[in-house]
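Engineer: Sequence:
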Amino acid sequence: MQKTLYSRQYQHMLKLLREKRVHSEVSQAELAKRLEWTQAEVSKCETGVRRLDVIELKLWVEALDGDLSAFVQDLQG
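Counting from 1, position 14 in the sequence shown corresponds to residue 14 in our numbering; the numbering is continuous, with no gaps.
Check the hints yourself; a few may be wrong.
[To be verified] For lysine to aspartate or glutamate, the following DMTMM-like pairs were computed, each having C-alpha atoms within a straight-line distance of at most 25 Å:
| id | residue 1 | residue 2 |
| --- | --- | --- |
| 1 | Lys15 | Asp74 |
| 2 | Lys44 | Asp65 |
| 3 | Lys58 | Glu41 |
[What the hints assert, rightly or not] What follows is a set of in silico ranges between Cβ atoms, one per label pair, in the way DEER data are often shown:
| id | residue 1 | residue 2 | range |
| --- | --- | --- | --- |
| 4 | Lys58 | His12 | 26 to 36 Å |
| 5 | Thr38 | Gly77 | 30 to 40 Å |
| 6 | Lys33 | Arg8 | 27 to 37 Å |
| 7 | Leu16 | Ile55 | 23 to 33 Å |
I should point out that these hints are in silico values taken from the structure, not numbers from a laboratory.
In this text, a Cβ means the ideal position worked out from N, Cα and C, and glycines have one as well.
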């Protein structure tokens with residue numbers, strides 16, 4: 001079984017997260033500040049080097065003034 005970190009669905013989620021951040025005109029550094037992370041951690045998540053758990057995903061989406069339920073609907077497309 002393929003690890004989900006490398007699945008097309010997970011890669012699609014990362015792409016959508018990055019698009020939401022860019023659309024919100026928030027830099028990686030600004031998002032990191034909102035999450036109390038480093039910019040490197042944000043970058044590693046966006047590139048798939050570091051995996052996001054569901055709690056981190058919720059915090060990420062909310063840091064961009066989004067709603068997790070709406071994000072999941074967008075993800076399902």
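Engineer: For every hint, state whether the structure bears it out.
Structural biologist: Cross-check of the supplied hints:
1. Lys15 to Asp74: With Cα atoms ~12 Å apart, Lys15 and Asp74 stay inside 25 Å; holds.
2. Lys44 to Asp65: holds (21 Å)
3. Lys58 to Glu41: holds (16 Å)
4. Lys58 to His12: 26 to 36 Å: violated (18 Å)
5. Thr38 to Gly77: 30 to 40 Å: holds (31 Å)
6. Lys33 to Arg8: 27 to 37 Å: holds (31 Å)
7. Leu16 to Ile55: 23 to 33 Å: violated (18 Å)
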